[in-house]
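> Sequence:
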Amino acid sequence: MSLFWRIFLLNAAVLTVAVNLLLFGPVTVSTPVLFTEAVILTAGLAAMLLANAVLLRIGLAPLQRLTRAMATIDLLQPGPRPAVTGHAGIADLIRTFNAMLDRLEAERATSTARALSAQEGERRRIAQELHDEVGQTLTAVILELKRVADRTPEPLRGELHQVQETTRDSLDEIRRIARRLRPGVLEELGLVSALRALTTEISQHSGVVVRQHFDSDLTGLDEEAELVVYRVAQEALTNTARHADARRLDIALRRAPGGVELRVRDDGRGLGQAAEGAGIRGMRERALLVGANLTVGASPGGGTEVRLRLPIANGSN
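Numbering (UniProt numbering), first residue to last: 1 to 317.
None of these hints come from the bench; they were simulated from the model.
From the three backbone atoms N, C-alpha and C, an ideal C-beta is built for every residue, glycine too.
Check each hint, because a few of them may be wrong.
To be verified - Computed Cβ-Cβ distance ranges for the label pairs, DEER-style:
(1) R281 x R95: 23 to 31 Å
(2) I177 x V209: 22 to 30 Å
(3) T137 x P257: 45 to 53 Å
(4) D74 x R95: 17 to 25 Å
(5) T67 x D222: 20 to 28 Å
(6) A197 x G279: 14 to 22 Å
(7) R123 x H243: 16 to 24 Å
Could you put the whole structure together from the sequences, leaning on the hints where they help?
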């Protein structure tokens, strides 16, 4: 029975009872209306409205639950689907909504995978050009400055040496940017070595004291999962260095029941009431690609904690 007919029949039943009471019951209406008759009719109307409200509340309760689910749903944080309850049209509506969510999440995952794949490809291209083109040009400039400085009188030699050191610092910075864009150590030496290099670099440039805890046995992660772990750790460490005003940071990558868990925890000022920015949403998108669960919240000792859990088939401690 459709929602329209259910509401219609509920109201028709209430009105039918009222008419029958007037026709066949002791209730009558005089002209002019007597006080007792007015009291009886008012009480009857109140009873009809109350019964109608209760019946409609019960019948439309599944729609209210669906409305709350629609208002709070977030494709980046999938949750349980609304239970398919109610009759006829309401159950069909909830079922259709759940199917729409499944389709939207699948389409978003596909489009996100394509976008991130293109992004990684562009990062590799830019890193390669920085290394091959800009890096080689600056290296040539450093060598030429050294040659000119060796043939320059003493008053200018010191200035040329200073320019040479500035150029060398710029070359080191470009190489650092290229490594962040394309983590070659991840491809060559593996995830743990790449994370060690990343934390060392962050510690040197930010002054944050970093403590590392990495399990040696992390088999079961494919290349895509390792890249997701690396990029999430990179974003978390960068956010800590830039925005957290932290003095200490703990990063751990360990075996967990059923998978692997990455945890980045700092003692900074925390997230407060700030809304999630593009960096955190980017981490959530990457986590969804490999079926991982990402949580970002307050650290037990103050500051911020980022926790990424990746499931692995037949994973164990």
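> It remains to establish, for every hint, whether it holds in the given structure.
Tested hints:
1. R281 x R95: 23 to 31 Å: Roughly 29 Å apart at Cβ, these two residues keep to the hinted range, so it holds.
2. I177 x V209: 22 to 30 Å: holds, 24 Å
3. T137 x P257: 45 to 53 Å: Cβ of T137 to Cβ of P257: about 52 Å, so the range 45 to 53 Å holds.
4. D74 x R95: 17 to 25 Å: Cβ of D74 to Cβ of R95: about 21 Å, so the range 17 to 25 Å holds.
5. T67 x D222: 20 to 28 Å: violated, 40 Å
6. A197 x G279: 14 to 22 Å: At 21 Å between Cβs, range holds.
7. R123 x H243: 16 to 24 Å: For H243 against R123, whose Cβ atoms are near 22 Å apart, the range 16 to 24 Å holds.
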